[in-house]
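Since chain X is already given, all that's left is putting chain G on it; use the hints.
From first to last, the protein sequence lines stand for chains X and G. Each residue of the first sequence is one higher than the one before, counting from 1 in our numbering. Each residue of the second sequence is one higher than the one before, counting from 1001 in our numbering.
Source of the hints: derived by calculation from the structure; they are not laboratory data. Virtual Cβ for every residue (Gly too), placed ideally from N, Cα, C. Check the hints yourself; a few may be wrong.
Stated by the list, open to error - One-sided excerpt, in silico: chain G residues whose CB lies under 8 Å from chain X:
(1) A1015
(2) T1036
(3) S1090
(4) I1100
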Amino acid sequence: MSHRFRVLEDLELELLRAVEQPQARSRGRRAGRRGRRLLLVAAAVLLLLGTAAVALAASGVILTGAAVPASRLASPSAGAGLPKPGKWKLLSLRVPDPAGGPPWGMRLVQTTRGLVCVQLGRVQEGVLGELGIDGAFNDDLRFHPVGPGVLPTYTGGAADGGTLSERGSCVIAYGDVIAGGQAWGSAVAAEVSGADQNAAFAEVASPGVGPSATGTVHEPAAHRRRLVYGILGPHAVSVTYRAAGALHTVPVAQGSGAFLIVLPDSSASRSEGHGEAPGTDTPGEGPGTVGPLVKITYEEHGHVCENGSDAETGGRSHVAHPCPAPNPNPPALRVTPPGSFNRVPHATLEVVHGRVKGAELTFKAPFAVTSAAEEYTLEGEPCGPRAEGLTSAVLDRNVAAGETVRMYLEYPFTDACTRRGLTVSVYYKSAGPEAKRSYGRTPGELLIGSAKIHLPKGDRAALRPRVTRGRVRPLS
Amino acid sequence: MADTESFVAFYREEAEFVLLFLTRRTFDAETAVELTAETFAQAWRGWRGVRTDSREEMRAWLLTIARRQLAHFLRKGRSQRTAMHRLGMSMPTAHEDDLIAIESAAGLDGARVLLGHALEGLNRDQRDAVKMRVVEDLPYDEVARRLGVSEPTARARVSRGLRALQGALAATAVGEWSV
Chain X
1 MSHRFRVLED
11 LELELLRAVE
21 QPQARSRGRR
31 AGRRGRRLLL
41 VAAAVLLLLG
51 TAAVALAASG
61 VILTGAAVPA
71 SRLASPSAGA
81 GLPKPGKWKL
91 LSLRVPDPAG
101 GPPWGMRLVQ
111 TTRGLVCVQL
121 GRVQEGVLGE
131 LGIDGAFNDD
141 LRFHPVGPGV
151 LPTYTGGAAD
161 GGTLSERGSC
171 VIAYGDVIAG
181 GQAWGSAVAA
191 EVSGADQNAA
201 FAEVASPGVG
211 PSATGTVHEP
221 AAHRRRLVYG
231 ILGPHAVSVT
241 YRAAGALHTV
251 PVAQGSGAFL
261 IVLPDSSASR
271 SEGHGEAPGT
281 DTPGEGPGTV
291 GPLVKITYEE
301 HGHVCENGSD
311 AETGGRSHVA
321 HPCPAPNPNP
331 PALRVTPPGS
341 FNRVPHATLE
351 VVHGRVKGAE
361 LTFKAPFAVT
371 SAAEEYTLEG
381 EPCGPRAEGL
391 TSAVLDRNVA
401 AGETVRMYLE
411 YPFTDACTRR
421 GLTVSVYYKS
431 AGPEAKRSYG
441 RTPGELLIGS
451 AKIHLPKGDR
461 AALRPRVTRG
471 RVRPLS
Chain G
1001 MADTESFVAF
1011 YREEAEFVLL
1021 FLTRRTFDAE
1031 TAVELTAETF
1041 AQAWRGWRGV
1051 RTDSREEMRA
1061 WLLTIARRQL
1071 AHFLRKGRSQ
1081 RTAMHRLGMS
1091 MPTAHEDDLI
1101 AIESAAGLDG
1111 ARVLLGHALE
1121 GLNRDQRDAV
1131 KMRVVEDLPY
1141 DEVARRLGVS
1151 EPTARARVSR
1161 GLRALQGALA
1171 ATAVGEWSV
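In isolation and in its complexed conformation, chain X is listed as follows:
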């Protein structure tokens, strides 16, 4: 055999084994029937036992099923981008599931748009995947590999430093994180609550940033998991978390500072949600206020220090050696001279049958967008006491400097106060060492220009259709 790829050699052996059996076809049929019968028997047993976990714990290696398909039309210059060739890594950490079966693991994938995406799943024979139980993959009891191309949805978020959605999360990162685990972005730790034990995460209809992303979960509480994970950078040493009333400390992976905690989900909620957990690669920065993590220990230049927060008590946890606060204004953030980037956007309304459905703003981009760390956003300024009129759109693709950019704002006149006129502003947002800033604005945010749009006389506002939240894709 002289195949360039090992899998073709394995496939040749498998083919040879199959075709050299004179009765392969009929035996195969019998084996198929027998397999199906066994599958049915197994499914019946599972029903009788009321849990798939028992079977998983006892069954050892699980047959491999079809791989989870990646998005067919992802783009290297939009959204999360695509995996960079060779820039992904299944981390060596393995965490047992409370009910047994293949352990949990994490893969890091670096993308063409400057993101590092974390993929979570179960690991069998060095492969990350999902299990065909609990309604996923028609309960075929198989292991379904998840390739590096199955990326979490990314819907923008340069100013937030990342986004959280199904199958993990993506964060903006600087430097070659796969090779050296250096120079991480900000939102590096997250939490998935209500996840199913099969790791076939619910995909939300409108994935968003932060805890708003949720999906419906149909499984009983015993099958749900709370996953807390992060990539804390090369200075992190260990994390301490609270579970079942006790504190536990576990070391993080060297270099990347990766950690993964898998707990039974004891919450009464029947929804799967994603949130930001405490955690940062910068000692002294943060941490957040949710999740079971209570302490992160770092070592920098030979000094050990700790970041601490206790979500259950609502206050900072007592740490022996608190990390010093970092410099809030990194010197790399330079002020961009005012006026050099201002543009006047041109607005056009889309009117269908006398109803205004949207507004398209056109402007020449003063800055290029070359990664997910930069973006243009369109924001309708609030005009009422409850922030009526507040609406936004994000351009989640690369653009060249000087390119004419068209951005579309849906249903601008839905709220009554907007019908007196709505100010729509274009912002350029950026994060990281190269982030731009201007006087009087949040670091990383530049106001490019504004336009005021009015509901034309005789026309009416099209109303935003009701959005069904929590719709779950069929897991098959």
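For chain G alone, coordinates are given in the frame of chain X:
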């Protein structure tokens, strides 16, 4: 036995060709491995009926089977394993290093750039429709509702957008990755 030997020789000659052919069309080496396995399992089932010694004709026959697998995958979102099951075959697991090497050999990086450019090259109506239908996997009535058009119009936009993408990629495939 002669059948087996000639089939294995045929596999050794064509397996990589089929694998790269499918990788370039699925943009995913793992999926391509599955489709390749089922392609050869189906080829074995029809091997005794092959009545030609022409390598070109045999390759064309094999590609017909591979395209059928690809069409099933694109339609259903998963590969089929009918012939593999009948032969009692199991799917070999591809190691990650292998997948990287396959995608690199298939020139996926360039292909992805091409696809991205082709997508950007569509007009806004078609691009939005294709993204909603294919990337976000929304049903046609939802695509129509979001675009503010009728369902037949939404279907037409998706169809025209996909045809345009197919055309853009096919035009490039002739020169750059023509298998």
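Hint check results:
Because the closest C-beta pair between A1015 of chain G and chain X is about 5 Å apart, less than 8 Å, the hint holds. A cut of 8 Å between beta carbons decides the hint on T1036 of chain G: the least distance to chain X is about 7 Å, and the hint holds. The closest approach between the C-beta of S1090 of chain G and any C-beta of chain X is roughly 7 Å, which is under the 8 Å cut-off, so the hint is satisfied. For the restraint placing I1100 of chain G at the interface with chain X, the shortest Cβ-Cβ distance is roughly 5 Å, inside the 8 Å limit, so the hint holds.
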